[in-house]
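Chemist: As you go down the protein sequences, you meet chains V and D in turn.
Following our numbering from start to finish, the first sequence increments by one per residue and tops out at 1031.
Following our numbering from start to finish, the second sequence increments by one per residue and tops out at 562.
I should point out that these hints are in silico values taken from the structure, not numbers from a laboratory.
Just so you know, even glycine gets a beta-carbon here, dropped at the ideal spot from N, CA and C.
Errors might be hidden in some of the hints.
Now the in silico label distances, taken between C-beta atoms and shown as ranges [said to hold, decoys possible]: (1) V:G915 / D:L536: 18 to 26 Å; (2) V:D835 / D:I454: 22 to 30 Å; (3) V:E988 / D:M559: 39 to 47 Å; (4) V:A913 / D:C493: 28 to 36 Å; (5) D:I454 / V:P661: 55 to 63 Å; (6) D:L536 / V:N646: 29 to 37 Å; (7) D:F522 / V:D704: 56 to 64 Å; (8) V:T653 / D:F522: 32 to 40 Å.
Calculated Cβ distances over 12 Å to all of chain V for the following chain D residues [claimed, not checked]: (9) M437; (10) I441; (11) S442; (12) M486; (13) I488; (14) L490; (15) T498; (16) G499; (17) V504; (18) R534; (19) L536; (20) I537.
What the simulated footprint calls covered on chain D by chain V, stretch by stretch (three residues with Cβ under 8 Å from a Cβ of chain V suffice, anywhere in the stretch; the number is not a length) [stated by the list, open to error]: (21) 453-467; (22) 473-479.
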Amino acid sequence: MKNTFYALLLGTLLFSCRKENATSISPVNYIEAVRTALHDSLSPGDFASLDFSRASASGIDSLHLHLLRIPVFLKPIATDFFVAKTDGDGHIFSGRFVSIARDSSEKKSFSGMVLYHSMKGKQIALRLMKGHIVKSPSGAVSSLMADEPEIDGGELPPVVVTASYGGGGISYADWYNLLDMAGDDGYGYIGYYSPSGGGGNGSAPTMQVDFEAPESKDAIDVAKYMKCFGATQEAGATYTVTIAVDIPVDNDPSKIFNWADASPGHTFIELYKNSSAGLVQQVVGFYPNQPWKTVAGGNVNAKVADDAGHEYQAKFTISVSGAGFANALRAAQAYGNFDYNVATFNCADYALKVFTAAGGQLNVPQFPVPEYSDGSNTPQGVYDAIQGLVLSGNKNAMANAQKQWIGDSHGACD
Amino acid sequence: MMLLKISGHPLMQLFSFCILLVGSAYFGGPYIFFLYHAVQELLAYAIFGWMAIVLTVCALFFTGRGEAVLQFIGVVLMVVSLLVFIFSAEHMMNIYVWRQLIPLLTLALFAFMAGIVVRKFIKMGGL
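With these hints in hand, go ahead and build the complete structure from the sequences.
Modeler: Structure representation (structure tokens):
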């Protein structure tokens, strides 16, 4: 009996933490199968807008659920993506374009409007409160529900969601629900929310499917990222450099560390070039290679990572000359080789070095990093400096305790 | 047998819990460091964590069944503390470091210790 119990315990430990992500074919073939199917289903313009190189697959075999999330070029995956529900071989059951504009930072639930746009211009509006559709006093789910659109037979209707959500992105559960709300044949529902607590049609639970894994912050080859900008003395080209800050605790710039997220916040750089050849944008930030060593306070090997779609609460943009931009590119590479030190050279120091090399000026107040220093550059300090610019009327500075998301990166160029 | 006895000692349980490495892509360290700071902000995971530590320390002053029961309650609270910690973070960013070998080994050590404590508890007749 005891042996059986230990075997069960061991089995539970081994398998309970496994995130199932199995498809019956290889990941490359799976994405290729979805890509082929979408090529036949989407308009050429919509298909061309999808960036399959950053597609993210997830699945739960026990639920026969396979989802592929494909970002849209030059837009953060947190806010603009296509989500496809497939079988294990990549055959598509349904899919939607999703664009999300958050209107508040209420945690972990949608509260706001969800608008479904068909390609013929018809739409459904659903009022959501805490993830459930509100049943209006008149008995109609929504006034616009009466005008039910015909979903185009051969086309996948795009979705525009205007809702509030507290996460850094949208969870798998929520984007599965976006599919579920629209339903395979157009739209369905995820349950009713009755504010008065009675008199409605009751409530159906929202399906919880999965959770987001921690974000990936793999090291990038900075030289290859900077190479995408090409010549920096191009006639007619414009260049901007933006320093952006994600404060540790959302809506509370006074906090220097978030002990729930194990985060001191983050400061990063957005480099942008607009020329006749097109727009190129790269978003990069500085990280410790082995973050668990930072607690010791010494130098740690560092890396530069792609911060596309990273949240921020403040940013300051400057237009720079070609020469200034070239200096920023050089600084981004050179300082990327420095070691990370939580007190003396952290992400804020890196971003400030690049920003200053481009010709920017920011008087950042230094804050003591508890147990490490009397005064260091910190994301909180950068936030305060940008907020000071906002208060002085600088139109290129923005500071708002509510989070927003930075744009996409072009990626590496060979 | 001797190894199991040493492994099941309350001090080993405390050690594996305190040195467990956690952290985000920006910052990380032993779990005790986070418990120390988070309890000052009365975060739930820190309160559970400190309750677990106190109970396990109390187990040092008992023997036999009393020790096993206190250790078992301690380990349950430790697991609860970790689960609250993990799920209270945005996108579980605070366990980013478990992608790397050494932090993962500290997690495995804690899981092993938890298993030993549960085994000890059952051997003593459970509740």
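Chemist: Compare the structure with each hint and give your call.
Modeler: Right, here's what the structure says about each hint:
1. V:G915 / D:L536: 18 to 26 Å: holds (20 Å)
2. V:D835 / D:I454: 22 to 30 Å: holds (26 Å)
3. V:E988 / D:M559: 39 to 47 Å: holds (41 Å)
4. V:A913 / D:C493: 28 to 36 Å: For C493 (chain D) against A913 (chain V), whose Cβ atoms are near 31 Å apart, the range 28 to 36 Å holds.
5. D:I454 / V:P661: 55 to 63 Å: Because 56 Å falls inside the window, the suggested range holds.
6. D:L536 / V:N646: 29 to 37 Å: Hint holds: Cβ distance 30 Å, inside 29 to 37 Å.
7. D:F522 / V:D704: 56 to 64 Å: violated (30 Å)
8. V:T653 / D:F522: 32 to 40 Å: Roughly 38 Å apart at Cβ, these two residues keep to the hinted range, so it holds.
9. M437: holds (19 Å)
10. I441: Consistent with the label, I441 (chain D) stays out of reach of chain V, its closest Cβ about 19 Å off (over 12 Å).
11. S442: holds (15 Å)
12. M486: Given a closest Cβ separation of 17 Å, the condition holds.
13. I488: holds (17 Å)
14. L490: holds (21 Å)
15. T498: It holds; T498 (chain D) is separated from chain V by about 22 Å at its closest Cβ, greater than 12 Å.
16. G499: holds (19 Å)
17. V504: holds (18 Å)
18. R534: violated (8 Å)
19. L536: Answer for L536 (chain D): violated, closest chain V Cβ roughly 10 Å.
20. I537: violated (7 Å)
21. 453-467: holds (count 10)
22. 473-479: holds (count 3)
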